[in-house]
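There are 2 protein chains.
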Amino acid sequence: MPRSSVLASQAEDFPRWYQDVVAKAALADNGPVRGTMVILPYGFSIWERMQNELDARIKTVGADNCYFPLFIPESYLNREAEHVEGFAPEVAVVTHGGGKELDEPIVVRPTSETIINTYFSKWVQSYRDLPLKVNQWCNVVRWELRPRLFLRTTEFLWQEGHTCHATYEDARAFAETILTDVYADFMVNVLAIPVFTGRKPAYERFPGAINTLACEAMMLDGKALQMGTSHELGQNFAKAFGTQYSTETGGLEHVWQTSWGTSTRMMGGLIMAHGDDAGLRVPPRVAPIQAVVVLVKAEDGAGEAAEALARDLRAAGVRTELDARTDVSFGRRAVDWELKGVPVRIELGPRDIAAGQVTLVRRDTATKDATPIGGVARTVPGLLEQVQTELLGAARSWRDARTIDVTSVPDAVAASAEGFAQVSWRLLRQTDGEAALREHGITVRCLRQPDGSLPDSEDEDDTLALVARAY
Amino acid sequence: MPRSSVLASQAEDFPRWYQDVVAKAALADNGPVRGTMVILPYGFSIWERMQNELDARIKTVGADNCYFPLFIPESYLNREAEHVEGFAPEVAVVTHGGGKELDEPIVVRPTSETIINTYFSKWVQSYRDLPLKVNQWCNVVRWELRPRLFLRTTEFLWQEGHTCHATYEDARAFAETILTDVYADFMVNVLAIPVFTGRKPAYERFPGAINTLACEAMMLDGKALQMGTSHELGQNFAKAFGTQYSTETGGLEHVWQTSWGTSTRMMGGLIMAHGDDAGLRVPPRVAPIQAVVVLVKAEDGAGEAAEALARDLRAAGVRTELDARTDVSFGRRAVDWELKGVPVRIELGPRDIAAGQVTLVRRDTATKDATPIGGVARTVPGLLEQVQTELLGAARSWRDARTIDVTSVPDAVAASAEGFAQVSWRLLRQTDGEAALREHGITVRCLRQPDGSLPDSEDEDDTLALVARAY
Chain S
1 MPRSSVLASQ AEDFPRWYQD VVAKAALADN GPVRGTMVIL PYGFSIWERM QNELDARIKT
61 VGADNCYFPL FIPESYLNRE AEHVEGFAPE VAVVTHGGGK ELDEPIVVRP TSETIINTYF
121 SKWVQSYRDL PLKVNQWCNV VRWELRPRLF LRTTEFLWQE GHTCHATYED ARAFAETILT
181 DVYADFMVNV LAIPVFTGRK PAYERFPGAI NTLACEAMML DGKALQMGTS HELGQNFAKA
241 FGTQYSTETG GLEHVWQTSW GTSTRMMGGL IMAHGDDAGL RVPPRVAPIQ AVVVLVKAED
301 GAGEAAEALA RDLRAAGVRT ELDARTDVSF GRRAVDWELK GVPVRIELGP RDIAAGQVTL
361 VRRDTATKDA TPIGGVARTV PGLLEQVQTE LLGAARSWRD ARTIDVTSVP DAVAASAEGF
421 AQVSWRLLRQ TDGEAALREH GITVRCLRQP DGSLPDSEDE DDTLALVARA Y
Chain B
1001 MPRSSVLASQ AEDFPRWYQD VVAKAALADN GPVRGTMVIL PYGFSIWERM QNELDARIKT
1061 VGADNCYFPL FIPESYLNRE AEHVEGFAPE VAVVTHGGGK ELDEPIVVRP TSETIINTYF
1121 SKWVQSYRDL PLKVNQWCNV VRWELRPRLF LRTTEFLWQE GHTCHATYED ARAFAETILT
1181 DVYADFMVNV LAIPVFTGRK PAYERFPGAI NTLACEAMML DGKALQMGTS HELGQNFAKA
1241 FGTQYSTETG GLEHVWQTSW GTSTRMMGGL IMAHGDDAGL RVPPRVAPIQ AVVVLVKAED
1301 GAGEAAEALA RDLRAAGVRT ELDARTDVSF GRRAVDWELK GVPVRIELGP RDIAAGQVTL
1361 VRRDTATKDA TPIGGVARTV PGLLEQVQTE LLGAARSWRD ARTIDVTSVP DAVAASAEGF
1421 AQVSWRLLRQ TDGEAALREH GITVRCLRQP DGSLPDSEDE DDTLALVARA Y
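The listed protein sequences derive, respectively, from chains S and B.
Going by the numbering used here, 425 is the number at position 425 of the first sequence; the sequence numbering is gapless.
Every number in the numbering used here is 1000 more than the matching position in the second sequence, counting from 1.
Please note: incorrect hints may appear among the correct ones.
Taking lysine-lysine pairs in the PhoX-like style, the calculated list, with each CA pair at most 25 angstroms apart, reads [stated by the list, open to error]:
1. S/Lys-59 - B/Lys-1024
2. S/Lys-133 - B/Lys-1024
3. S/Lys-24 - B/Lys-1122
Hints were generated in silico from the structure; no laboratory data involved.
Working from the sequences, and respecting the hints, build out all of it.
Below, the structure is given as structure tokens:
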């Protein structure tokens, strides 16, 4: 492993390491209002690539992007009882606008079910209008008392999808499609983060939902991070807002709904699932810079060779940056590209030119290979695919080795010191095991069937609880 | 011109026509909080294409995307005197968060100069850090008393760019680059809307700027719409926030800054620059759907032929929709695609299949041509380019015919009934002509040199004032 003295080491102090990476790789900074966040250009360029990849998948399952207002009348929140109970303590409230006190306070959206249902109730008339699927990329605000960059911030960026269906079964199936074909597929195949998909216990559901499904990933400190959720809303919001459709046989029914979201929190997941003591390791498919050509010295044609190489790499479809800042020491620049986690670094100086070669450095393994300069542009695309595959493989091996099936609460506690434990959900409930786990800071992340599938309810005999310490 | 009875006609009632198009083409709706807006899927898909095209141009001139918080401490706004005077009356104020009254009220960003300079003052240390260029796509809130969808809304979506430069000259040049190479280029070559670029009179400047440049377009009712602005901020914000850099010779200087923005207001411009009595006419480069294959009846292989044709068009790089909703009347569907302004419509039914042809309809000219089915996918890409060029040409001819050079205030008033007038800026100032114009609802849109270039100041002898009624 490369080692950088600019970061705390993961083993010594993981939270400090995280904070250091976020700062030194120039990903984000704290905003002036407590809990808010500035996403810096490099961090944002990773987020943009996440958005592009996820947005394409969301469009594939038929959801159209749109935009609903930031401001929601406070009374809207009150219409769904569980929803207001869940969100009222977290909202930011606008009381003055245009120099005057407002007649009705306005809530800054913590999520958009209420305002969107106001429109769904107009748009949905007939069974022919169903299913109806929309998505929006936007900012939301939930007051955060213990903020942490990307992981828990008062304002965060996310996408929230909202759908209406004619039947319970169709809504149910779509919530699973989002969880599996959109979210898990993106996380595994783009972020190279393996995820467990499962069902949340009732008390962990989204306020107003009848079922919440989640993707849970293991971070390198063995803790769980919830990476995305997909909710079945049943008819709760439809009833609160009158979202009804006329059936083929002339009846009038409330629609069945889903909502689902992923956020800038995934940036935290990316950092903590792949980073090492030298900084970030960004999987190539989500890397804004996949290869950096580092010019050691601009002598004897090395500058021109570096430019030509960057051009060739770009022509080969590789997102390439040329670092020709020869006024900055080579060592400092190398450390900086390691911090930023660029998958492949190509070092090139006058001596390399003389030898007709470059040094190709893989960020994930720190291996260095002398490579003929003429072969680099042909080699790198395949190498990037290899890095992508191996990062996923490493994350999966690591997680699977730390995910242990246990048969007692004390064993679950012991296993959770290092990673995840799977234990009978029935056992936990019969022995008040959750209270015992909570004393050790361990919670139920999700419920799964022994074969990894989603349980239809909490009451199936062989359901397993995945338990862990969590972010 | 095609004519649709679902809209008011432009000649009868232009504002009503605008409102009808926004509603019937399903572009936007009013939000529940007065002045806010819901952007519907079709409207948003046009906005997304605008974003993509503009974002690419912004990146080309070296600005990196990032994200700054929605919430700004109220005290930040107060640091630049003109800025707070300009924006204080329009802001929304958060006084409660997390269930408590806040110690310091928070302003929902009306624009981000103040919060961004807080970070610029940390990021900029040396001349080596300059120029520094960032951009963000986000929502902003400015309380609006007379809202109008897209044109004036309390919350709107926009991009705002912010830069720091070492010298006045560099900042000045960059503000012009944005105006000309980014904004005007996008508006002319993508939106097919010709724009006049010019300098705002001092009293129309952005609060805190030393110069505001603008793109002004003529709408089909002869009124002007400000489509985008680029500001020189001088050192005003740098001084208020201490954004300084050490020079090459060891001195310490405040940076020179620019900021620049375009918003969902451009959607209003698109509607009013190209629409006709049948609805929108979307220029192909910004059209989310460039061609629609309308299946008349699914008989005698017409359904399969329509699918194959849509496939061929997509393979030819045409953004294509297949409308196979044969349970809805053909006439109603044709009217709907005209409302939505899809540039090319291809009608195909069993009779066409028998004749080996389709009917190709241009939305802009309403011309219908029988075309051999095998040639459609080859024909359409070129046809779309032609439509793009002709929409721009038509808009330019129309505007130029209604932009008249005049030599007196009464003549300016007369010309402004139909379009724009250009009159000596010196004359206006010496005769208090602006007051006379204002009585007729006419304002100075921008100042230009006789050759169309940007004046260096307001005081040049031959500067012309472009005057018009305006949105």
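How the hints compare with the structure:
Proximity of S/Lys-59 to B/Lys-1024 is assessed by CA-CA distance (about 24 angstroms); at most 25 angstroms being required, the pair is judged to hold. In summary, the hint linking S/Lys-133 to B/Lys-1024 is supported, as the alpha carbons are separated by about 20 angstroms, within the 25 angstroms threshold. For the given pair, S/Lys-24 sits about 14 angstroms from B/Lys-1122 by alpha-carbon distance, which is consistent with the 25 angstroms threshold.
Of the numbered hints listed earlier, not one is contradicted by the structure.
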